[in-house]
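Peer 1: Sequence:
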Amino acid sequence: MAQHRRRRTTALALGVPLALTAAGGLAYGFLPGAQPEASAATTAAPAWATATADGFASVNSLGQNGTYGGRDGQIVTVKSLADLEKYATASEPYVIVVAATITMDPVGKEIKVQSNKTIVGSGTSGQIVGGGFFLGSGVHNVIIRNLTIRDAYQDVWNDKEHDFDAIQMDGAHHVWIDHNDLRHMADGLIDVRKDSTYVTVSWNKLSQDNKAFGIGWTENVVTDITVHHNWIRETEQRNPSTDNAAHAHLYNNFLEDVAGTDITSSYGNYSRGATKMVLENSWFQGFKNPVIKDSTASIVQKGNTFVGTSGRNESGGTAFDPRTYYAYTLDKTADVPALLKSGAGPRGSIGTTATATTKAAATTLTVAKDGSGQYSTVQAAVNAVPANNSSRVVISVKPGTYRELVKVPSNKPHVTIQGTGSSRNDTVIVYNNASGTPKPDGSGTYGTGGSATVAVEADDFQARNLTVSNDFDEAAHQDIANQAVALRTAADKVFLDGVIVSGDQDTLLVDTAAKEKLGRVYMTNSYVIGNVDFIFGRATAVIDKSVITLKKRWNGTSAGYVTAPSTAANRKGILIANSTVNGDVSAASFYLGRPWHAGGDTTLDPQTTVRNTSLSAAIKSTPWTDMSGFSWKDDRFAEYKNTGAGSGAASSNRPQLTDAQATGQEVADWLGDWTPSAS
1 MAQHRRRRTT ALALGVPLAL TAAGGLAYGF LPGAQPEASA ATTAAPAWAT ATADGFASVN
61 SLGQNGTYGG RDGQIVTVKS LADLEKYATA SEPYVIVVAA TITMDPVGKE IKVQSNKTIV
121 GSGTSGQIVG GGFFLGSGVH NVIIRNLTIR DAYQDVWNDK EHDFDAIQMD GAHHVWIDHN
181 DLRHMADGLI DVRKDSTYVT VSWNKLSQDN KAFGIGWTEN VVTDITVHHN WIRETEQRNP
241 STDNAAHAHL YNNFLEDVAG TDITSSYGNY SRGATKMVLE NSWFQGFKNP VIKDSTASIV
301 QKGNTFVGTS GRNESGGTAF DPRTYYAYTL DKTADVPALL KSGAGPRGSI GTTATATTKA
361 AATTLTVAKD GSGQYSTVQA AVNAVPANNS SRVVISVKPG TYRELVKVPS NKPHVTIQGT
421 GSSRNDTVIV YNNASGTPKP DGSGTYGTGG SATVAVEADD FQARNLTVSN DFDEAAHQDI
481 ANQAVALRTA ADKVFLDGVI VSGDQDTLLV DTAAKEKLGR VYMTNSYVIG NVDFIFGRAT
541 AVIDKSVITL KKRWNGTSAG YVTAPSTAAN RKGILIANST VNGDVSAASF YLGRPWHAGG
601 DTTLDPQTTV RNTSLSAAIK STPWTDMSGF SWKDDRFAEY KNTGAGSGAA SSNRPQLTDA
661 QATGQEVADW LGDWTPSAS
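If you number the sequence shown the way my numbering does, the last residue is 679 and the count never jumps.
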């Protein structure tokens with residue numbers, strides 16, 4: 001096997017986009033009222049602290065009912081190695097929030113984590129440098145999330161002397177490794193060894209290493225492991241290598257070997273020994289020997305995509321049906337690269353720490369179409385929220401398609417609508433009104449805003465893990481306008497996390513309660529799908545770490561506009577950051593935006609900034625255009641450090657922010673004194 005010299009790029013924070021690094025704790029630290037270092041929280045644990053694993057880590061076995069980490073213990077915040085080690089090695093359960101960069105001493109130190117622990121980074125500030133974590137025999141019920149673990153590399157590429165892993169387990173069970181950035185270590189990034197089992201590894205970035213991820217290494221065939229939604233990039237081997245696993249379920253992973261770099265892949269997914277592997281809907285880019293197996297091992301492949309790969313691509317033998325062990329939902333293979341580029345690795349909203357002030361416990365209302373909940377429609381649950389409620393009400397919606405209109409009125413703040421399925425595709429709220437659709441009471445027709453499937457007029461609203469759609473049939477109704485809104489927000493502090501908002505024209509309307517009122521929207525880890533002005537309005541809105549999917553029009557043509565801001569003067573408009581813009585449309589057919597001077601209002605100053613985002617070839621080389629007689633050049637449209645085939649150099653028709661200007665157009669500048677947090 002060829003040796004490869006490591007590229008000297010360790011100073012670059014690959015797991016944290018530049019915008020996030022610059023924004024620092026203000027935008028992503030989420031530490032309002034944070035407790036003193038390593039002190040106990042006084043409030044009920046927030047949602048991220050009580051999160052439970054999916055995949056094999058969710059299976060009830062070996063006396064452990066799923067994986068929920070330290071949710072039954074205190075929440076503590078740590079900023080030093082001594083405190084991290086103190087709580088991670090304690091016998092009691094803890095949720096340990098890492099709120100600083102902690103350097104291991106000595107280099108290569110692996111903290112011996114004990115059972116019933118959650119170790120989670122606070123925003124993007126939780127980093128472990130020069131070492132990692134070790135889970136020994138019998139250790140169980142451990143969650144490691146939202147951390148960057150990096151830089152134990154000892155200048156030896158195929159290092160056989162320094163066993164400095166990011167996360168190593170020998171004989172552990174029920175472990176969930178989720179949304180981490182693991183890179184540049186001395187041996188492997190993850191080792192699941194010595195009959196460790198009931199493990200799920202999800203939504204991680206693994207990069208800059210000789211060995212990414214090893215599984216097995218005993219003659220016993222007992223390991224059950226799920227590996228899904230991981231971005232494995234610029235690693236040579238063990239991507240992963242799976243030896244003698246009883247059940248290995250790999251799906252929706254993105255393996256990328258970038259051409260022209262010093263790191264070259266040796267192989268991708270490897271099924272060894274007596275492993276039974278199911279490999280589904282994963283994307284392999286540029287990998288040598290992308291899928292290989294021993295003669296004694298099995299691989300059943302379903303729905304995978306291979307681009308620019310070479311060498312062995314193997315399958316054969318019998319495997320198993322993962323759904324006999326747990327439920328899961330596959331994302332489309334074509335969506336995987338963009339989804340993982342925007343969603344893998346640490347996320348600001350996971351690492352929210354509890355505040356030291358007491359809050360009322362959230363009330364939960366359940367919705368189920370089959371009658372097993374308190375309500376059978378989402379609107380019925382909204383109606384049950386008390387007027388002028390002072391504390392959080394969570395509307396927990398079971399999987400299903402809810403064909404209804406939902407309105408959260410302005411006198412019902414602090415509402416969360418949350419799908420309970422294994423993915424955001426499982427819970428769908430959909431309707432088909434458009435501008436011009438007759439109202440059922442005969443009082444006229446709906447306007448654009450009135451066509452919304454879900455309308456949010458209440459402050460401090462949250463939605464997560466669901467789809468909001470408008471499926472108006474434009475082809476069948478060319479007699480009326482095509483504007484058909486899926487989601488309309490007209491409120492402040494709207495947090496959309498892990499959702500899909502889908503339509504054609506005017507999909508997502510980000511509005512404010514009035515022209516003079518502030519309305520902020522923060523969307524992350526989400527999809528927005530449409531074709532004409534499908535992110536529009538006068539709100540101060542951020543689309544962060546998300547996928548914007550361009551869609552053909554009803555007649556099959558490719559032409560459209562991503563944004564149509566109608567921003568008031570001296571306000572922030574629409575910011576698209578750290579995201580991906582793509583879709584199955586013709587090249588050079590879409591504009592990034594145009595200025596919407598609603599009602600011909602000349603006092604407006606529309607703004608869209610697109611930065612640190614991957615643009616597909618669908619974006620025009622002149623990405624901005626005029627609207628209704630108003631020139632885009634008289635308003636505020638700019639880009640900064642975008643990539644992809646649709647990006648381009650600065651010109652009079654393609655303004656780019658300077659570095660100095662970009663420091664004032666970051667997520668924190670849009671959100672101001674609001675730090676979104678899951679609740």
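Derived by calculation from the structure, the hints in this document are not laboratory data. Mixed in with the good hints there might be a few duds.
In silico DSS-like cross-links for lysine-lysine, where the CA-CA straight-line distance does not exceed 25 Å [to be verified]:
#, residue 1, residue 2
1, K194, K288
2, K276, K288
3, K276, K332
4, K515, K398
5, K552, K332
6, K302, K288
7, K369, K398
8, K288, K332
9, K517, K552
10, K439, K407
11, K517, K493
12, K407, K515
13, K407, K517
14, K302, K276
15, K160, K79
16, K109, K160
17, K332, K302
18, K109, K86
19, K112, K86
20, K109, K194
21, K633, K620
22, K407, K332
23, K369, K407
24, K79, K112
25, K398, K439
26, K493, K407
27, K79, K109
28, K112, K160
29, K552, K620
30, K620, K641
31, K112, K194
Computed Cβ-Cβ distance ranges for the label pairs, DEER-style [unchecked claim]:
#, residue 1, residue 2, range
32, S137, D105, 19 to 27 Å
33, A384, G599, 52 to 60 Å
34, N383, D105, 51 to 59 Å
35, N653, N158, 46 to 54 Å
36, T401, S315, 29 to 37 Å
37, A569, K332, 39 to 47 Å
38, G316, D72, 41 to 49 Å
39, T401, K288, 37 to 45 Å
Where a beta carbon is used, it is the ideal one built from N, C-alpha and C, also for glycine.
Peer 1: Run every hint past the structure and note whether it holds.
Peer 2: Hint-by-hint comparison with the structure:
Between K194 and K288, the direct Cα distance comes to roughly 28 Å. Violation of the 25 Å bound is thereby established for this hinted pair. Of the pairs offered as hints, the one joining K276 and K288 holds, with about 22 Å between alpha carbons and a cut-off of 25 Å not exceeded. For the hint linking K276 to K332, the alpha-carbon distance of about 23 Å falls within 25 Å, and the restraint holds. Of the pairs offered as hints, the one joining K515 and K398 is violated, with about 36 Å between alpha carbons and a cut-off of 25 Å exceeded.
With a C-alpha separation of about 18 Å, the suggested pairing of K552 with K332 holds against the 25 Å cut-off. Between K302 and K288 the alpha-carbon distance is near 19 Å, which keeps this suggested pair within the 25 Å criterion. At most 25 Å may separate the alpha-carbon atoms for a hinted pair to count; K369 and K398 meet this at roughly 8 Å. Straight-line distance between C-alpha atoms of K288 and K332 comes to about 23 Å, which keeps the hinted pair within the 25 Å bound.
Taken as a hint, the K517 and K552 pair is broken in the structure, with Cα atoms around 35 Å apart against an allowance of 25 Å. Straight-line distance between C-alpha atoms of K439 and K407 comes to about 16 Å, which keeps the hinted pair within the 25 Å bound. The suggested pairing of K517 with K493 holds, with an alpha-carbon distance near 12 Å, which does not exceed 25 Å. Our distance criterion of 25 Å between C-alpha atoms is met by K407 and K515, whose separation comes to about 21 Å.
Taking the CA atoms of K407 and K517, the gap is about 20 Å. The hint holds against a cut of 25 Å. With a CA separation close to 14 Å, the supplied pair K302 and K276 stays within the 25 Å bound. With a CA separation close to 32 Å, the supplied pair K160 and K79 exceeds the 25 Å bound. With a C-alpha separation of about 16 Å, the suggested pair K109 and K160 falls inside the 25 Å cut-off, and the hint holds.
As the CA atoms of K332 and K302 are separated by approximately 12 Å, the hinted pair is consistent with the 25 Å bound. The straight-line distance between the Cα atoms of K109 and K86 is roughly 14 Å, inside the 25 Å bound, and the hint therefore holds. Pair hint K112 plus K86 holds up; C-alpha atoms about 10 Å apart against a cutoff of 25 Å. Of the supplied pair hints, the one linking K109 and K194 holds, its CA atoms being roughly 20 Å apart against a limit of 25 Å.
Simply put, K633 and K620 have alpha-carbon atoms about 16 Å apart, close enough for the 25 Å limit, and the pair holds. A hinted pair counts as satisfied when its Cα atoms are at most 25 Å apart, and K407 with K332 does not qualify at roughly 30 Å. As the CA atoms of K369 and K407 are separated by approximately 18 Å, the hinted pair is consistent with the 25 Å bound. Between K79 and K112, the direct Cα distance comes to roughly 18 Å. Compliance with the 25 Å bound is thereby established for this hinted pair.
This hinted pair does not check out: K398 and K439 have alpha carbons roughly 29 Å apart, beyond 25 Å. Pair hint K493 plus K407 holds up; C-alpha atoms about 17 Å apart against a cutoff of 25 Å. Annotation: proposed proximity of K79 to K109 holds, straight-line Cα distance about 17 Å (limit 25 Å). Straight-line distance between C-alpha atoms of K112 and K160 comes to about 21 Å, which keeps the hinted pair within the 25 Å bound.
In summary, the hint linking K552 to K620 is supported, as the alpha carbons are separated by about 15 Å, within the 25 Å threshold. Restraint check for K620 and K641: the C-alpha separation of about 16 Å stays at or below 25 Å, so the hint holds. Of the pairs offered as hints, the one joining K112 and K194 holds, with about 16 Å between alpha carbons and a cut-off of 25 Å not exceeded. The beta-carbon spacing between S137 and D105, approximately 26 Å, falls within the hinted interval of 19 to 27 Å.
Here the CB-CB span from A384 to G599 is close to 37 Å, at odds with the stated 52 to 60 Å. In this structure, N383 and D105 meet the distance hint of 51 to 59 Å, their C-beta atoms being roughly 57 Å apart. As the Cβ distance of N653 to N158 is approximately 49 Å, the hint placing it in 46 to 54 Å holds. Between T401 and S315, the C-beta spacing of about 34 Å keeps the proposed range 29 to 37 Å intact.
Under the hint 39 to 47 Å, the C-beta atoms of A569 and K332, about 41 Å apart, fit the expected range. Checking the proposed 41 to 49 Å range against G316 and D72 shows it holds: the Cβ atoms sit about 45 Å from each other. For T401 paired with K288, a C-beta distance near 43 Å keeps the hint of 37 to 45 Å intact.
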